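Colleague: Here is what each chain is made of, one letter per residue.
There are 2 protein chains.
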Amino acid sequence: MSLLVVGSIALDSIFTPFGETADALGGSAVYFSVAGSLLCPVKVVGVVGNDYPIHELDRLAARGIDWSGVEQADGESFRWKGKYSYDLQSRETLETRLGVFARFQPKLPDAFRAAEFIFLGNIDPELQLGVLSQVSRPKLVVCDTMNYWIQGKKPALLELLARVDVLMVNDSEARELSGDWNIHRAGRWILRQGPRRVVIKQGEHGALLIEPTRTFYVPAFPLENVFDPTGAGDAFAGGFMAYLARTGSIGEDSIRRAMVYGAAMGSYAVEQFGIRSLEGITLQDVEERVRAFRDLTHVALAEALS
Amino acid sequence: MSLLVVGSIALDSIFTPFGETADALGGSAVYFSVAGSLLCPVKVVGVVGNDYPIHELDRLAARGIDWSGVEQADGESFRWKGKYSYDLQSRETLETRLGVFARFQPKLPDAFRAAEFIFLGNIDPELQLGVLSQVSRPKLVVCDTMNYWIQGKKPALLELLARVDVLMVNDSEARELSGDWNIHRAGRWILRQGPRRVVIKQGEHGALLIEPTRTFYVPAFPLENVFDPTGAGDAFAGGFMAYLARTGSIGEDSIRRAMVYGAAMGSYAVEQFGIRSLEGITLQDVEERVRAFRDLTHVALAEALS
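Going down the list, the sequences are from chains A and B.
Using numbering that gives the first Met the number 0, read the first sequence as starting at 0 and increasing by one per residue.
Using numbering that gives the first Met the number 0, read the second sequence as starting at 0 and increasing by one per residue.
Derived from the structure by calculation, the hints contain no laboratory data.
Some hints could be false.
Part of the chain B face toward chain A, derived, beta carbon under 7 Å [unchecked claim]: (1) 86; (2) 180; (3) 183; (4) 210; (5) 212; (6) 214; (7) 218; (8) 221; (9) 252; (10) 256; (11) 280; (12) 295; (13) 301; (14) 303.
Some chain B residues well away from chain A (every beta-carbon gap over 12 Å; in silico) [to be verified]: (15) 38; (16) 95; (17) 115; (18) 145; (19) 193; (20) 257; (21) 282; (22) 291.
Nothing here was measured: the structure is a model prediction, and the numbers come from that model.
Just so it is clear, CB atoms sit at the ideal spot from N, CA and C, and this is done for glycine as well.
Produce the complete structure using the sequences and hints provided.
Modeller: Below is the structure:
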């Protein structure tokens, strides 16, 4: 099965109480593919400027990341600069320079059109629709979005929702999109727009999978040391999609297991700056954390009291 | 096995976006015992003024709540008035009148001293220590506290922590007590003060059980309609303690199951105003929700990928 992601490829400058980085590899497609490639090969569609450290992407290609869908355009790469609060609970964007990303028009190489598992990262919903029109027979389409598009491109976003299988957003995005502060009602509202499933990421509180008749909850892994929350949600998405693409199944049980693989990837992502932690782990590490997740919510059966 | 709670018995006036109540039965010992009595008899120690609607307590006695440890003192009952925000995420205390509660000196009837499961609700830690000195051979002692005592009575609180089995608090209290914003490090800090276990309640995000080598997480039940969050934490405590008292076991598996019973009680508590919802349910309802909790985090086993 093949997995395709379209999203941002950025250079991040991040300040946390524990240190800082400058122009480090970042962006949703990078976090997604570095995490996902632990489970299966990932094809990436994106754009970088002529100042991007291509050798770093080349290095990551050895993990099974196919960058042949990444265009190098004339101009500056997408740069994001942000600062986290002392407790990492909030962050302030200090600077966003879109550069070549502002004129991004995703074009899929022919070899990518047959991809079956498609993740439409957080870009203009019109471009997300454009990507969909380029894939031939997707088995599962999952999309992300953000407040900017909810406010500015709602009609296109609703058109997209009618054509995807899963919407994966964080809780504030689900609330803003639905106009409902209750996260479960917000999830139901989104289901009525088309997706069969909604995944709502809640940061340090885990993630919810809302389906028409069932809800699943995976907690965040208990971490005593979190260094950099950047990219956790994209690493979650990468683990989620790559688990499904590897196993080829999109049944209820598989989707729940994919949530746990996603949460495991997200938990690794935050333990060091940027993609460093995800680069340093193996599939065995991921499996070990997946087992630890099971213990985290496991309740031994007992006879009913009544 | 017998279960004892000491705590507040109040008259609450609550404003939510969905309605309001005036001088309704409330207080930690009331929520605790109305929830707990679904599973086993509860003995209550507390104080009310001579204006308290005693006939309402008499009605609740039929559930198996023994109020013989409640003193009726000369003066006004404890009254609390609060208002919730539109999304129930925050609340403002409009008025607190301690009345006879300000001079509360818990005195256990002789028949209460043999109680084996003891819940020390949120009162002055010196009084909590005084209750402990009146019980003969407790099997499990769990205590609650709040920011007021953390700030004003820290030495007595630390003395108490060295003598209890479990501290059960909400996340902001755990952070304030430990001086650490990371909830898992905060939990470890508390374990070092004496308790073998810490339960950290996180409202709509569920509750954590932190033990020296394991952590357990129970989510909050997915509710599309929440009417009044008041008393959810005390109902959780009542379900948790009453499950353990009913089964008589305090092993790891039992404690995890007790967390689920607690979460089930908390979820019912918020579905109507005050104690109304807890009064209207049966043990069968609780068992049904406990089963639903299992499905909420259940992941079918699959072969490891590596």
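Colleague: Which of the stated hints cannot be reconciled with the structure, identified by number in ascending sequence?
Modeller: Checked against the structure, the hints that fail are numbers 4, 5, 11, 15, 20, 21 and 22, while the rest are satisfied.
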